[in-house]
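Visitor: The primary structure of each chain is shown beneath.
2 protein chains.
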Amino acid sequence: MLAEIITIGDEILIGQIVDTNSAWIAQQLNAVGIRVKQISSVSDNSQHIIDALREAKNRADIILITGGLGPTKDDITKTTLAGYFNVGMVQNEEALQNVARIFAKYNRPLLDVNIKQAEVPANCEIILNQNGTAPGMWFNHDGKIYVSMPGVPHEMMYMMEEAVIPKLKETFNLPVILHKTILTVGEGESFLAEKIADIEDALPAHIKLAYLPKLGSVRLRLSAYGENENDLQNQVDTYASQIINRVGKNVVTDKDVPIEKAILDEMEVADLTLSVAESCTGGYISHLFTQHPGSSKVFLGGAISYAYELKESMLGVKNETLWANGAVSEQTVIEMVEGALLNFKSSYAIAVTGIAGPDGGTQDKPVGTVWIAVAKQGKTVARKFIFGNKRIQNIERTAITAMGMLINLLRENS
Amino acid sequence: MLAEIITIGDEILIGQIVDTNSAWIAQQLNAVGIRVKQISSVSDNSQHIIDALREAKNRADIILITGGLGPTKDDITKTTLAGYFNVGMVQNEEALQNVARIFAKYNRPLLDVNIKQAEVPANCEIILNQNGTAPGMWFNHDGKIYVSMPGVPHEMMYMMEEAVIPKLKETFNLPVILHKTILTVGEGESFLAEKIADIEDALPAHIKLAYLPKLGSVRLRLSAYGENENDLQNQVDTYASQIINRVGKNVVTDKDVPIEKAILDEMEVADLTLSVAESCTGGYISHLFTQHPGSSKVFLGGAISYAYELKESMLGVKNETLWANGAVSEQTVIEMVEGALLNFKSSYAIAVTGIAGPDGGTQDKPVGTVWIAVAKQGKTVARKFIFGNKRIQNIERTAITAMGMLINLLRENS
Numbered sequence: 001m002l003a004e005i006i007t008i009g010d011e012i013l014i015g016q017i018v019d020t021n022s023a024w025i026a027q028q029l030n031a032v033g034i035r036v037k038q039i040s041s042v043s044d045n046s047q048h049i050i051d052a053l054r055e056a057k058n059r060a061d062i063i064l065i066t067g068g069l070g071p072t073k074d075d076i077t078k079t080t081l082a083g084y085f086n087v088g089m090v091q092n093e094e095a096l097q098n099v100a101r102i103f104a105k106y107n108r109p110l111l112d113v114n115i116k117q118a119e120v121p122a123n124c125e126i127i128l129n130q131n132g133t134a135p136g137m138w139f140n141h142d143g144k145i146y147v148s149m150p151g152v153p154h155e156m157m158y159m160m161e162e163a164v165i166p167k168l169k170e171t172f173n174l175p176v177i178l179h180k181t182i183l184t185v186g187e188g189e190s191f192l193a194e195k196i197a198d199i200e201d202a203l204p205a206h207i208k209l210a211y212l213p214k215l216g217s218v219r220l221r222l223s224a225y226g227e228n229e230n231d232l233q234n235q236v237d238t239y240a241s242q243i244i245n246r247v248g249k250n251v252v253t254d255k256d257v258p259i260e261k262a263i264l265d266e267m268e269v270a271d272l273t274l275s276v277a278e279s280c281t282g283g284y285i286s287h288l289f290t291q292h293p294g295s296s297k298v299f300l301g302g303a304i305s306y307a308y309e310l311k312e313s314m315l316g317v318k319n320e321t322l323w324a325n326g327a328v329s330e331q332t333v334i335e336m337v338e339g340a341l342l343n344f345k346s347s348y349a350i351a352v353t354g355i356a357g358p359d360g361g362t363q364d365k366p367v368g369t370v371w372i373a374v375a376k377q378g379k380t381v382a383r384k385f386i387f388g389n390k391r392i393q394n395i396e397r398t399a400i401t402a403m404g405m406l407i408n409l410l411r412e413n414s
Numbered sequence: 001m002l003a004e005i006i007t008i009g010d011e012i013l014i015g016q017i018v019d020t021n022s023a024w025i026a027q028q029l030n031a032v033g034i035r036v037k038q039i040s041s042v043s044d045n046s047q048h049i050i051d052a053l054r055e056a057k058n059r060a061d062i063i064l065i066t067g068g069l070g071p072t073k074d075d076i077t078k079t080t081l082a083g084y085f086n087v088g089m090v091q092n093e094e095a096l097q098n099v100a101r102i103f104a105k106y107n108r109p110l111l112d113v114n115i116k117q118a119e120v121p122a123n124c125e126i127i128l129n130q131n132g133t134a135p136g137m138w139f140n141h142d143g144k145i146y147v148s149m150p151g152v153p154h155e156m157m158y159m160m161e162e163a164v165i166p167k168l169k170e171t172f173n174l175p176v177i178l179h180k181t182i183l184t185v186g187e188g189e190s191f192l193a194e195k196i197a198d199i200e201d202a203l204p205a206h207i208k209l210a211y212l213p214k215l216g217s218v219r220l221r222l223s224a225y226g227e228n229e230n231d232l233q234n235q236v237d238t239y240a241s242q243i244i245n246r247v248g249k250n251v252v253t254d255k256d257v258p259i260e261k262a263i264l265d266e267m268e269v270a271d272l273t274l275s276v277a278e279s280c281t282g283g284y285i286s287h288l289f290t291q292h293p294g295s296s297k298v299f300l301g302g303a304i305s306y307a308y309e310l311k312e313s314m315l316g317v318k319n320e321t322l323w324a325n326g327a328v329s330e331q332t333v334i335e336m337v338e339g340a341l342l343n344f345k346s347s348y349a350i351a352v353t354g355i356a357g358p359d360g361g362t363q364d365k366p367v368g369t370v371w372i373a374v375a376k377q378g379k380t381v382a383r384k385f386i387f388g389n390k391r392i393q394n395i396e397r398t399a400i401t402a403m404g405m406l407i408n409l410l411r412e413n414s
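Protein sequences, first through last, are from chains A and B. Using UniProt numbering, you'd call the opening residue of the first sequence number 1 and step up by one each time. Using UniProt numbering, you'd call the opening residue of the second sequence number 1 and step up by one each time.
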């Protein structure tokens, strides 16, 4: 069963927003055994949308469309769909009640443009929008399923989870797709590939291995396609074990979770707590941890100490240390991490201080110079890195490197 | 001049990564007057890539391809391109030296798979990769330009900035596209649309207005297409002024920057400083500010106080307050924000505390309950919000709402 995702909106094509909807939809579809053949982003232009629909139906059985359903004049998806299916527009009573309910709730007057949101192509079943005024639409036409949803992420997500996925499961007899992902840190793609070449060569045709590198880490993803879920799971697990044994200590986890989630899970089981002291990452490390539900069991908090004074007052870094060595130095990062451990009473701590750039570099300490320390009672490890000159990348790379160091420290005794 | 972006990689189609490359590339192209007609994400499959290239060349003059150039076996873009252009593969001396240089720098043995990275289709000009081993490729074929780049973002970005954009400017006589974006907070899309309906109706055909809603904010984007940059700029500025005057106090900025950057700029000019005390947002607000170059002139730092103890020790929240009212309460958020102002010695402060979810809600304080406070010397404003039940959205919505409140406080006297 193949799907195509079409996202509509000039804002995507001018790069004003990143299309995060597609990745999320793709995950949901893959989880129920629907493969995504292509993702196409097209403009708010009727003819272009129609062309995309025509191409998509030749490639896929299910076409999921997001975007272009807002009340304003740049949104033309609905009438374009009516034209594509050669039907008229009708007012849908249920959708109208939904719009009226939402406006009543927020005590706002119902405008003409909002009433128009309840008009839909005559051949659709509507999908109620619990979080907004634009209804979703389900079309069954010429043996293909078309679904049109709003582009606002939380409106679309709710519809997918509550209506679209269940309805797709009812409509189709879906095959099984399994993925297993092994997260590694500290070695490059080609080194890993050479190390597991014979395992990869021995994979059967229905199991594929992909390498997904990202600043400082590489994911190895096994994908298996077939009919029998148990058989597939056993096969995938067997090959995954072979890879994990071969790659050894660079493996962080065999679950498809980000590195910080793997750390949280490992620390929670061991009843450990974590605090952070962030300078150049400015809250990014804390954000990575705290975006995950349940992170408060492990993550106690931390200090973001951009200013010298805050390094002193929150973390107890000595004034002499700062003035003698600078904020970006081994001595400072050690005092930061040990200050976090002491003041925040956690069992482990991370500290980072560096020059994220693009300005602020010197001859001795160029942009990209970062000191990272991790600590537990009785042991502190500090290392210096010189990353690049791009700020956002330096922030991300510092975060993932710090997490790699924390994992090493966590596993030292096991 | 029209372009199509093709991103190659199964990892995109299974939703394992979000395709951020396309948005970035689209921004670069638009800035030099190249419109992106479509973005297509396709699988690591030769036939599918060839089909996508054929469709793209019928829509666009310039086809930019990312992904599928790594050294490992799932990467087939290069040989597929050779097949598409009906040419053989040749070893490129310059690319080989680049690979050798990088491996020498990191003191790693040069593997066969790496040497193969210097092989390219015979009809291409290579684009040196300063940050990695896979060369980029530039093809001029049948009146169309094709460019193939690695999918690793920082490698691709460097190539685009240093080689591809300059080369496209040399090759084509590019038209002018101008965008102007007005960022608003606090009103919905349809309310704004109604308010400026007559201005929108009076826009000439070559100027378009789009509404881009995102949790708590709406961007109004004017796009103008033409030949004469000065004329276009004047026209766009005139219409933007009309919209700004009409929308009034909900306008945050008329620059295409995120809300936190608008705040940083406004505060820097006024020589003001900011600190934060984050509970439920866990560092996200600080991260939003600190991702911007130069943020340290305004942003001093802050506390991430997940645990009760840290609310007390870092922010001076009274133990009685916490036990009497709970962490998510008006009294606590007020003590947090005033504690931040006092302890971190900033002229303004933000504090947030809430239940981000999915767990932790109670009858009185359901998931999504958030208290936000902003303060300056002599004035504190605290408000309660009840957002939804999705953690990430609650975090984002809390951040943008807090920034909206900060803007109101900043502008109170002006």
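No lab work stands behind these hints: they were computed from the structure. One should not assume that every hint holds.
Note that the list lumps identical chains together, so a pair holds whenever it fits in one copy or between two copies.
[Claimed, not checked] Below, computed lysine to aspartate or glutamate pairings styled on EDC-like, alpha-carbon distance capped at 20 Å:
1. Lys-390 with Glu-161
2. Lys-214 with Glu-155
3. Lys-105 with Glu-187
4. Lys-208 with Glu-338
Visitor: Would you pick out the hints that fail for this structure and give their numbers low to high?
Guide: As far as the earlier hints go, only 4 is violated by this structure.
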